[in-house]
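Peer 1: Take the given structure of chain G and dock chain S to it, following the hints.
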Amino acid sequence: MAPPSIDELAAVAAALAAPGKGLLASDESTGTIGKRLEKGGIENTAENRRAYRELLYTAPGIGGAFSGVIMFKETLGQCASDGTPFVEVLRRAGVMAGIKVDEGLVPLEGGEEGETSTRGLETLEAACRQYVAQGARFAKWRAALRVEEGRCPSDLAVKVNAEQLAEYAAICQAAGLVPIVEPELLIDGPHSAETFAAASEKAIAACVAALWRRGVALEACLLKPQMVVQGTECSAPRAAPEQVAAATLRVMRRVVPPAVAGIMFLSGGQTEEEATRNLDAINKLAKEEGRAPWSLSFSFGRGLQASVLKIWSNAPPSRASEARAMAGALAEANAAAARGEFAGRHPSVTSAPGATLHETWRGWRTDVDPAAAPPPAPALALAGV
Amino acid sequence: MALSAKSAAARSAAAPRGAASRARTVRVAALSTEKSNPYMEELRATANYIATRGKGILASDESNATTGKRLATVGVDNTEDNRRAWRELLYTAPGLGQYISGAIMFDETLFQSTAGGVQFVDVLKKQGILPGIKVDTGLEVIPGTDGETSTQGLDGLGERCARYYKQGARFAKWRAVLKVGSSTTAILENAHGLARYAQIAQANGLVPIVEPEVTLGPGTYTIEENAYWSEKINSHVMRLLNEYGVVLDAILLKPNMCLPGLDAPTASPADVAKYTVRTMLRSIPPAVPGIHFLSGGMSEEESTLNLQALQEACPNSPWSLTFSYGRALQSSTLKTWAGKKENADKAQDILVQLARANSQAQLGKYKGPHPVPGGGRILQALRTGGPGK
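Protein sequence lines, in the order shown, are assigned to chains G and S.
If you read the first sequence in UniProt numbering, its first letter stands for residue 1, the second for the next number, and so on.
If you read the second sequence in UniProt numbering, its first letter stands for residue 1, the second for the next number, and so on.
These are calculated hints, taken from the structure and not from any lab test.
Careful, some of the hints might be misleading.
Claimed, not checked - Derived DEER-like restraints, expressed as beta-carbon distance ranges:
1. A11(G) with S268(S): 24 to 30 angstroms
2. A2(G) with S268(S): 40 to 46 angstroms
3. A93(G) with P218(S): 55 to 61 angstroms
4. K365(S) with A93(G): 44 to 50 angstroms
5. A2(G) with G374(S): 43 to 49 angstroms
6. R163(S) with P19(G): 46 to 52 angstroms
7. T185(S) with E122(G): 31 to 37 angstroms
8. Q243(G) with P143(S): 49 to 55 angstroms
Small disclaimer: the values here were computed from a predicted structure and weren't measured.
All C-beta atoms, glycine included, are put in the ideal place defined by N, C-alpha and C.
Next comes chain G alone, as it looks inside the complex (with noise of 0.2 angstroms):
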């Protein structure tokens, strides 16, 4: 059966940046998602894994608030305990399976210290076959870059990151998948909200200068950037909501042309009751000043999690109901968050004044690649879970 055409997947593009709707982001690898189960005193096993998103699928209402859920390949091929598999239990509340398809991150060869370039481009072509096997519709791949104070991330890096993700785009596109491009500026560090703000001008007007040079349609690609924030080590005060909002519109408006179907911010350590806040802001801003063509929404991991996975930790068979339920207010508090119109008390219990959901280097995927040998990696350091 021939893969879908451009025009089809602008259309599974344009669907998942609907209006009121946004993504979540449930990729996280074994080892990543191992850790916060642990820190929750649950063992990191396939069945718990399974059984955790397991309530975020089956969370209440999700299908007015999700267009998509982003999974990792392990989950794509999970079932709910009846039987069903996770594909099927999202289509049938009217979501779309995603998956993520890069294999983390490595060093950059000749970068600055920290810098970061993302694998599984060998094996991508292949791998996205199977994906829409199983039901995939879209997929994501994260490239990280670092800002440190005063100075954006280097050329080297923004280059090859950009590369790559248009790279990852074209391939996912010709395989009839819509590519989610993720060039996440890192929130760790000192740095202000402006060095923030130009660096992401740099690094995004690179990505999609790369992308329109690897043949990828605008169309059939949504963006998944940072909103303009300051690093997690800035003395400054936080910026409030509005602040965020004119920053993250002016940088959005500088570099994404109109034929991008949808900008989904990623929430990246800030704590969830900040991102969703954030979030109504810009949506509120865009529709007050106009020109902000593209949907303005949300693909956002621990910004949906954080307090589910609280509320699971340590009893999980007794809280599911409750979890899920929170599961189900958070969904909805950002999908009122993409139509500007967030009121009230957020359901977060994990966004106390200074909390933050930034999380310390996480170290190298060990699931793709078992024989290798990580460098040694600081402490892992959750806060607010």
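Peer 2: Only chain S this time, still in chain G's reference frame:
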């Protein structure tokens, strides 16, 4: 870039710190130019004003040699005073400022006055029309290419811009000429020139009009081919503008509409609009306040009908889809004037009618009949050879 995780891991564990220390002095280019530019607020206001909905630009910046060729078609000698009188007719047209937000001038014209001694910049400002200035010094053939050109004018550009700002100019224009099938050499050379010019103009208080013209040329190439090359060129231009720290909120774009080759059947306004809008949506971020299409050989009526079709094809466009017309506003005006004082009022009337028709088209409200219906293409040969051509 293929390397195994294992060797990469081992390498990073032993990585020397040289690379990191080398980077400490690297500045964030975009941040420093925007923050330290004292003109930035004015530049933004200027660009937004010129892109006011319902208005466009009068391109009257023909060099002396080109102006001479035009005057010759109505039997007028190419003297400084005749050039002055011709521009006086344009700029003093009553009510022009309702439809025109900016007028681009040639160097000589920026310093000229009316016969009564009023400086042109003052005449224009009184009309609510911002004075602009062509700052490139013409085209040169790139050696080793098949007649492809590079635009000259970067040397001493900063000083020239400062002098023009002092005289009252508030925006500038630089025309790069490309074609369907441009070589990579030509694309990169022209994109670089545009970006570097734009950077220098902003640094000296002038809003740069960035003009990457894919000329309407001979051949049977399709409208899709034109659209592809327009996208390609726009992509390189936007990339370099970003790399050079040019603030997009304070530029204007002057592109071609997408048209098939001269020897191919003419495209309908709806098709021109479809491909042109698609090209703009794919390549121009919303921060650019105005996209001012050149007329580039289209007839006066075609220029208006196509402009109207653009609004219909893109009803909520984030940028103003408007005009920067030269020949499409001047051709019939010149013919009506023919150098005779007794024709001046009638000529000015034609100009204002043409400006109004295009203003209405910009608002998506053009209904016709056109002031100059049924005209043919208004073509001109490409001129190379340096300043004054």
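Peer 1: Now, for every hint given, state plainly whether the structure supports it.
Peer 2: How the hints compare with the structure:
1. A11(G) with S268(S): 24 to 30 angstroms: For S268(S) against A11(G), whose Cβ atoms are near 26 angstroms apart, the range 24 to 30 angstroms holds.
2. A2(G) with S268(S): 40 to 46 angstroms: violated (32 angstroms)
3. A93(G) with P218(S): 55 to 61 angstroms: About 58 angstroms separates the Cβ atoms of A93(G) and P218(S), which means 55 to 61 angstroms holds.
4. K365(S) with A93(G): 44 to 50 angstroms: For K365(S) and A93(G) the Cβ distance comes to about 46 angstroms; the hint holds.
5. A2(G) with G374(S): 43 to 49 angstroms: holds (47 angstroms)
6. R163(S) with P19(G): 46 to 52 angstroms: Roughly 51 angstroms apart at Cβ, these two residues keep to the hinted range, so it holds.
7. T185(S) with E122(G): 31 to 37 angstroms: holds (33 angstroms)
8. Q243(G) with P143(S): 49 to 55 angstroms: holds (52 angstroms)
Checked against the numbered hints given earlier, the structure breaks only hint 2 and satisfies all the rest.
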